[in-house]
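Chemist: These are the residues of each chain, in order.
There are 2 protein chains.
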Amino acid sequence: MTTEFTDWVRAHRARIEDWLAVHLPGQDLLPGRLHEAMRYSVLGGGKRMRPLLAYAAGELAGATAAQVDVVAGAVELIHAYSLVHDDMPCMDNDVLRRGRPTCHVQFGEATALLVGDSLQSLAFELLAGTLVCDDARDQLRLLRLLGEASGAQGMAGGQAFDLASVQSALTLPELESMHQRKTGALIRAAILLGAGCGKGVDATTHAALDHFAKAAGLAFQVIDDVLDAEADTATLGKTAGKDAADGKPTYVSLLGLRDARSLAQELYSGALAALEPLGNSAGRLRALAAFIVERRH
Amino acid sequence: MTTEFTDWVRAHRARIEDWLAVHLPGQDLLPGRLHEAMRYSVLGGGKRMRPLLAYAAGELAGATAAQVDVVAGAVELIHAYSLVHDDMPCMDNDVLRRGRPTCHVQFGEATALLVGDSLQSLAFELLAGTLVCDDARDQLRLLRLLGEASGAQGMAGGQAFDLASVQSALTLPELESMHQRKTGALIRAAILLGAGCGKGVDATTHAALDHFAKAAGLAFQVIDDVLDAEADTATLGKTAGKDAADGKPTYVSLLGLRDARSLAQELYSGALAALEPLGNSAGRLRALAAFIVERRH
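Chains as they are written, first to last, in the working numbering: chain A, 1 to 297; chain B, 1 to 297.
Hints were generated in silico from the structure; no laboratory data involved. Wrong hints could be hidden among the right ones.
If chains are identical, the list can't say which one is meant, so a pair holds when it fits in one copy or spans any two.
[Unchecked claim] Mimicking EDC-like on lysine to aspartate or glutamate, the simulated pairs with C-alpha atoms at most 20 Å apart in a straight line are:
1) Lys47 / Asp259
2) Lys248 / Glu109
3) Lys248 / Asp7
4) Lys242 / Asp18
5) Lys47 / Asp232
6) Lys248 / Asp228
7) Lys199 / Asp135
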């Protein structure tokens, strides 16, 4: 990674962290414990991969960073809510996230349930509350896309597939279909919402970004599976080896480590190829794709 | 109740039932079990009080029923998601709802969690997906209002207060503040979203409706407490006497049955007074307020 890119990542992580800190309700405001638990679950950690993708895509639309803040923040709030709910005992029952106790361990299950619910509401409230598109009708389209990506045909539906797949033998296309919903849909939304800010992008750029998002999102998941199998808990900041222990099918359990790594490289090449029509303007997205396949946690 | 009003209620309940049935994902679509559980939790029952209030308020804006369908449906989906999550073991742990097993009893806790999450996403997706306001910027305001009413400063925050209040001695103003969030916020949203359809209403009408919504929403909750204390489980369709058994403060535990009934009557009078500036055009809302305080389940 170039220094310029590393600086950009650091600056934009700090930027979205600040934005989230300002827009999450304060602990001094009632109900204080709920707000404290919301802030605990969102702030202070995370790769902020989805916001970074939104900022990078927003550059293609010529959007201001202030416009992209809103969509980046909304997508990150949806992601954060999903982690809180997925960690709960009735789901993945995980106790560690970003190196700290998960929300339900720290605040109790009932509060964790309400934290997730409230973060989802807040995402839509904030995205509806500031005009980020030159045309308000385009912003309604972004809100609809965020809803689709989050719901039964997107992220939540992917989690339902995931639960149903425990101890079952999925084929590779089935595993891909599950992950396109579970993680792919929201990564795609981050990119397309970023590109939808301001005046938006033309149809060719939109199609290229959609293609890129699909490959990069899947690469992200394949690498997640590789890291879950390889890394230790301390590096990962969450319980390592948990998928295998839970009997969940992963790219590593289906393909083995070496072929899973090869698949990630193939998807990476596909992601770069998708960006070719965009030339130099897509440099940031290329760097983020490299970052996704090279990350260690 | 006049026959005309009874017919109107019946027709609009059927109307929103049909709309919801069409807009909830089908069981034939993957993930089928999640969709089945979503449909189970939303369809086939419920007073549909919030949709009825939205339709009645929509008449004041001269909105078409098709426009109001969308906001009525979105509000009802938020309400339905809250029931599914509130019934879960880590919250109120209730097994009966609308005379049937609750969602988590029928489908398991993990699915119930995802049902609530997906219904909330669907509410925003659908409200963003059809233009119901003459000006798209007004529709963004409606989406923001729905988000506020649902989240930490609205319904979910009210539920957090409710959990914290178990076995504690709330004052009457504290109880009122809790219910203004827990049930009041979404009832207010139903009315203001209905009135926001089409060209919307003028500032005087908006203020009158806001005042009406506050009184009617609180009356609704007071009557809920009275019915919970008086009625049997069969009539109620949910476990009767549960609040008292759970040590939750209610209007009946604070005031006694007789004074709680008087308070409901006072709130009803206040609701009617708020509608005075609107004259004959608010007849439907008056009838709904009477319906709220006279209901038996």
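Chemist: Failing hints, ascending?
Modeler: The structure conflicts with hints 1, 3, 4, although it agrees with all the remaining ones.
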